[in-house]
Amino acid sequence: MPVDVGLATTSNQLITGGLVAYSLAFVGYAVRAAFGVRVPDADAAPTPARVLVGATSPAGSATAGAPTSVALSAGAPPSGSAEGTVLDGDAARARRGREAVGPRDPATRFGEVVGKVAVVLTVIGWVAHGAAIATRGLAVHRLPWGNMYEFTLALTFAAVAAFLGVLARHRRQSLGLLGVFVMIPVLLALGLAILVLYVAPAPLVPALHSYWLGIHVTAAIIATGVFTVATASTVMFLVADHYAAAVSRGRSVRFAAIARMMPDPGVLDRVAYRAYALAFPIWTFAVVAGAIWAQYAWGHYWQWDPKETWSFITWVIYAGYLHARATAGWRGRKAAYIALLGFATVLFNFFVVNIFITGMHSYAGV
Amino acid sequence: MTSTSRPDLQALEAEVDELGTRQRVRRPTLASALGWVRWAWYSLTSMRTALILLFLLALAAIPGSIIPQRGSANPSAVRDFVVRHPTLAPVLDHLGFFNVYGSPWFAAVYLLLFISLAGCVVPRARRHWEMLRAAPPATPRNLYRLPAHQKWTTELPPQQAVREAAVFLRTRRFRIAQHSSSVAAERGYLRETGNLLFHSALLVVLLGIAVTSGFGFTGTVLLKEHDSFADTQIAYDSFSPGRMVDVGALPPFTFRLDDFHASFVRSGPTRGAAAGYQAEVTYTARPGVRPKVTTVTVNHPLSVDGVNVYLTGHGYAPHFLVRDGSGRSFDETVPFLPRDGVFTSQGVVKLPDARPHQLGISGFFLPTAAADPFTGQPISVFPAPDNPAVVLGVFSGDLGLDSGVPQSVYTLDTSRMKLLAKGVLRPGQTLTLPGGQGSVTFLGFSQFAEFQLTKDPGKPIVLGAICAAIAGLLASLGIRRWRVWVRAEPDDTGRTVVEVGGLPRTDASGGFAEAFDRLVAALRTRIPPEPAGPAPFPERAGSPSLQVTSDQEG
Ligand code: HEM
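So the protein sequences, as listed, match chains F and B.
When we follow my numbering, the leftmost residue of the first sequence carries the number 1, and every step to the right adds one.
When we follow my numbering, the leftmost residue of the second sequence carries the number 1, and every step to the right adds one.
Chain B extracted, bound-state conformation:
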């Protein structure tokens, strides 16, 4: 029995199989170019390949989470890694392991996956479109060979039983095709629709990302209190535009940091952690419009002219009055970059115009200075400026600015300079340089904020696509797709025999048998079985190996 029922069901399955599990195309044996192309294409768009590519994608993503990456939050990590692994690092670098997500091999995996995806979705969409317009397939001859089957006799005449079944199935939101002695019904088309929506939306996400990387830009800028920023390329400290961005025509807004405020936890186990910070800014969306005042905080960027302005960091900028040997004075407020959680901040001041020699100051700003209990050295013990002090070394000589080698504004090249004096200053104190070479006065400090500016034109595309993807996913995973056939025919004795067969389509979640049983139970109230007649049919006759019965759920 098993052997006879198998091919029948297989044929049925093949007929209904419109999933990605398409028939495999044989590897071409002859050197037919077209054959190979076709084979390659079918292989690429097969479910199995998709599966493998998904694994590869997961695998390819791993190294980037372990090896430090360029352009990540901590750029010095790569340098440290290179120092620690002098032989390995160049090899890794060559293979793109310091920039995994921008590397050709990572791109190859996801591009192949997305090509596979497109090659899979398009034909499936076409078949689904046809399926949506077609009637459910005709009733198979032997319903008992279907995975689920029930049979009973009724007193209703066959025609009426068929009509009842048709009405019933329609109220159960099946799409039906009524034949002379049977009804064919199918429901759950939305499952495949959802699946296609999900997969196409993934393609659109990629498109959105491509739009952003082509037409978007991101840059950073550091502003002291009362500094202003105008959106031009040179005003940025770092700037990375997309390939298609016209850097000469950036959105013409400006903004000014009026005031910055940071607060810190003052007690408890997290003492010293940031409790909140905010930047008060005045911005002008376009030249000529009225300036507006707003507050930018960590989770609340300023959005102006299609550009988002994020507050990403902050620190202190000590204010110095420097007098050189010729009596000229320089008023300098210079950002010192925080080095640790208590905002021990490091920075330099360069005075190339000082006479008789150039002057350079290298030092630390300590927001809350105290003596180290062991060494007695001044250190910072709290990030808020409760007891500010600077620790300075003042150098004179050649700053090396004319050497042609670009210099960081945060480091001082002292190779051709000599130390004149060093000391610790509180606000208002002055360090006098020996030999009448001038003095340095620590006047106080202001704060600075770091901003990141991002233009992200693909964002609405990505966001919309993701919403669609999730909706599609829910439909795809939550909807059962199945077919039901009901046949009613008179038997030899003139009674009406009702037969119902059910076939799950993609019953990944299982539970088809229960759903079928529930449906048939409801149908039996419409087409009542004969009251206890002579020897009714056994309820679930048929091929035992394909038998579906229900567990007791629901």
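If we strip away everything but chain F, and leave its shape as in the complex, we get:
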């Protein structure tokens, strides 16, 4: 069937619209963070994050004496908090958080409104984004993930979906700043897709004609989207945890202004872990589905094609991350670094392997 040029154009317009909405949302999240609004997730009952590690294995973190995240270990005396349970480690911050409950000053209220508008803009952008993908699919009469442009569209869509999911689950917590950290990669990737990776819509090469394509690639896209949000959360966790640790030792930190805006490190760590724990089985499934598809298409489950190899490396590293969380001395920051390494392999697989290393998966279309 011929490509429907009209629909394809509509798709391009929709994605541009989505990009505009996302950009505005990004500014909104940043403004909100800049106005220092922390929704008082900690007003009545402070966050339990410290217990995460402290309670599950005091033996581990105490005896190993390892540099697990200080904010997460029971030993770190929280400073400046009356109950001794607030993790902020920064009295001013804690106070500001609590003040936000009471009568708010106009600036704070402004920040809050902007934050809400940013969420609405994200949703609008996401709907346009989804519509762009759908119209592209209708234009080419197939699942629209056959080349890197389409792939990037789908990945970023999944990432924003995962982000909105996190926001919905943690409505009461001030995760707005996560929006900044998610929107940066999303905007970069979309910009790259539109400016560099764009290819006009076209039918697929025969090797891609299989419903395993739908299964395998869809799973990989979802997992990557969720990994993206998890990574954003991990990066924030590292910043926040570093800051909390420094403050509790009375040391000053660079970029404190940004660090002080971070949500609670415990919450960030938890959001990240849950995302990894969701994405890992999906990734596992994606790799397996890919192997099954490879068997139909090429007669081998597994040929150590570069793409396969890097998917495997990603899988192994995230397995390492999950192990690290259960290994004394590796919890907290070290585990977080492993997770970042995992995402680095995801990016490598997508950008470097697709474009620079040829294998049987050479369908990047760039």
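To be clear, the hints were calculated from the coordinates, so they are not data collected in a lab.
There may be inaccurate statements among the hints.
Over 10 Å on every C-beta distance to chain B, these chain F residues come out as not near it, computed from the model [stated by the list, open to error]:
{"#": "1", "residue": "Val27"}
{"#": "2", "residue": "Phe35"}
{"#": "3", "residue": "Glu112"}
{"#": "4", "residue": "Val123"}
{"#": "5", "residue": "Gly130"}
{"#": "6", "residue": "His141"}
{"#": "7", "residue": "Ile184"}
{"#": "8", "residue": "Val199"}
{"#": "9", "residue": "Arg270"}
{"#": "10", "residue": "Phe350"}
{"#": "11", "residue": "Phe351"}
Simulated pairs of lysine to any residue, SDA-like, Cα-Cα distance not exceeding 25 Å [what the hints assert, rightly or not]:
{"#": "12", "chain 1": "B", "residue 1": "Lys292", "chain 2": "F", "residue 2": "Tyr296"}
{"#": "13", "chain 1": "B", "residue 1": "Lys459", "chain 2": "F", "residue 2": "Trp212"}
{"#": "14", "chain 1": "B", "residue 1": "Lys459", "chain 2": "B", "residue 2": "Gly306"}
{"#": "15", "chain 1": "F", "residue 1": "Lys334", "chain 2": "B", "residue 2": "Leu112"}
{"#": "16", "chain 1": "B", "residue 1": "Lys292", "chain 2": "F", "residue 2": "Ser23"}
{"#": "17", "chain 1": "B", "residue 1": "Lys459", "chain 2": "B", "residue 2": "Thr220"}
{"#": "18", "chain 1": "B", "residue 1": "Lys224", "chain 2": "F", "residue 2": "Ala200"}
{"#": "19", "chain 1": "F", "residue 1": "Lys334", "chain 2": "B", "residue 2": "Leu59"}
{"#": "20", "chain 1": "F", "residue 1": "Lys334", "chain 2": "B", "residue 2": "Gly306"}
{"#": "21", "chain 1": "F", "residue 1": "Lys334", "chain 2": "B", "residue 2": "Leu44"}
{"#": "22", "chain 1": "F", "residue 1": "Lys334", "chain 2": "B", "residue 2": "Met47"}
{"#": "23", "chain 1": "B", "residue 1": "Lys459", "chain 2": "F", "residue 2": "Val5"}
{"#": "24", "chain 1": "F", "residue 1": "Lys334", "chain 2": "B", "residue 2": "Tyr42"}
{"#": "25", "chain 1": "B", "residue 1": "Lys224", "chain 2": "F", "residue 2": "Tyr296"}
{"#": "26", "chain 1": "B", "residue 1": "Lys224", "chain 2": "B", "residue 2": "Ser303"}
{"#": "27", "chain 1": "B", "residue 1": "Lys422", "chain 2": "B", "residue 2": "Gly327"}
{"#": "28", "chain 1": "F", "residue 1": "Lys334", "chain 2": "B", "residue 2": "Ser43"}
{"#": "29", "chain 1": "F", "residue 1": "Lys334", "chain 2": "B", "residue 2": "Leu57"}
{"#": "30", "chain 1": "B", "residue 1": "Lys459", "chain 2": "F", "residue 2": "His300"}
{"#": "31", "chain 1": "F", "residue 1": "Lys334", "chain 2": "B", "residue 2": "Gly393"}
{"#": "32", "chain 1": "B", "residue 1": "Lys422", "chain 2": "B", "residue 2": "Leu401"}
{"#": "33", "chain 1": "B", "residue 1": "Lys224", "chain 2": "F", "residue 2": "His300"}
Every residue gets a Cβ at the ideal spot worked out from N, C-alpha and C, and that includes glycine.
Following the hints, put chain B with the ligand in place on chain F, whose structure we already have.
Using the frame of chain F, we list chain B with the ligand on its own:
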């Protein structure tokens, strides 16, 4: 306060710690062989070693994705690499870098990992089995020292409160042990079951792979239209059997390529890309049974007698009628291998029986021939046979077939031959050789298909194990495992004091506090707190540093 509560909790943790994070065995100081063996074994099966081995595995996999590999989709890549890196290549070759995934060091990493895995899973399974049959551990004396704790007074008598708690916890799918004044409860055993299932399934995957590499085989064969294939070793163009395969007793099926059809995108930006190809084949599963007709396409292999037949490539086989100087004629249809996306195909025809001299033809087949706009040379501009032509050079002399050195059927050794004639032919045209040495007529072409045949007896094992692994993973990552104790005792004033303590087991996901709070909130509807009494207990007394409170989620 902190200092007193610590050891208590540590003891509890040690008691419940049945994860892989086992106690580390001290490095033996004396030269006791057994001590060393034991130490080595414990080190190998520790979580930390598993972690390191996982990293090593990831690291070891990298070079194979960067350095070209033998036996990969593009075998000439290794040759090109060797040419480009004449000093480095022999070293890399010696270290197995052109065959990373078959190299001893790669095998060492994954075998160690799997030994570690087995050494880790077996004892854990045993402990888990015991744990599954045991009652939840007795109620600790000081519940307030647990990571989560709540306390209230009720008007229910202690016995009744304990009973209520027991019933309640059972409906919440806790396994319980009821004591005189308390209930011990635990749930989430399936988490460890899932974890063990996942890890054991990985071992089974390896087993399945081993079965395939021992008892499976893979081979390739190239068939022109109307050619037949019988499953014997010599019929393959290349064949690599597993170690345990009896090559004399391959499955006795045959098949024939009746027709091949390829179509290409004719317009748009991907003009010339393959749009689809299919092979019509007739196959006979066993001698004596009725032949069946089927279509093999890229994603739809033919499965016959435990062997899968995949369509992996295709091309053109030009058809020539060659006459030699003695007047003898040879009818040759020879596959020419595609060299590029427009199917510029290269091949040779060897006629060792031609007289007075052997004849050899080297040439190109161009499916859609056109003149190169710059050089005027004939080139192919589209992969479909819209305007087929061949570009030939005809040689006479000695083909060198008797020299004993094996020759590829796709290359012509012209060192002892001389060029007689060259030319471009359309179907039906003839190139006459000078001096009455004969002629070459290009009659037309047929198509050929390449098939890969694979027998993979480990497949059901691998597939089943992977399904089990994913199920186990979901259980392991999605289930919370925790213990709850409820105690109800009268205090000095005769009121019933209810105390609840909770202990997470592997609370990697966090959120234990919320789950605990939700549970206790529900329990309070069963064991209602006294209506506003005098000075109730503060709700979460106890050691501040171990305090669990909830955020507002859920
Ligand atoms: C082939 C190598 C291995 C892979 C791919 C792997 C993968 C995983 C994954 C994905 C998890 C997280 C899911 C879960 O909690 O069940 C996990 C957990 C775990 N693994 Fe492994 N593993 C491997 C080898 C090992 C070895 C050798 C050990 C023993 C030392 C081990 C011990 C554990 C333990 C104790 C957990 C539980 C952690 C927890 O519950 O939080 N694993 N593994």
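#### Entry: Numbers of the earlier hints that this structure fails to satisfy, in rising order
Hints 8, 9, 16, 18, 20, 23 and 31 not satisfied by this model.
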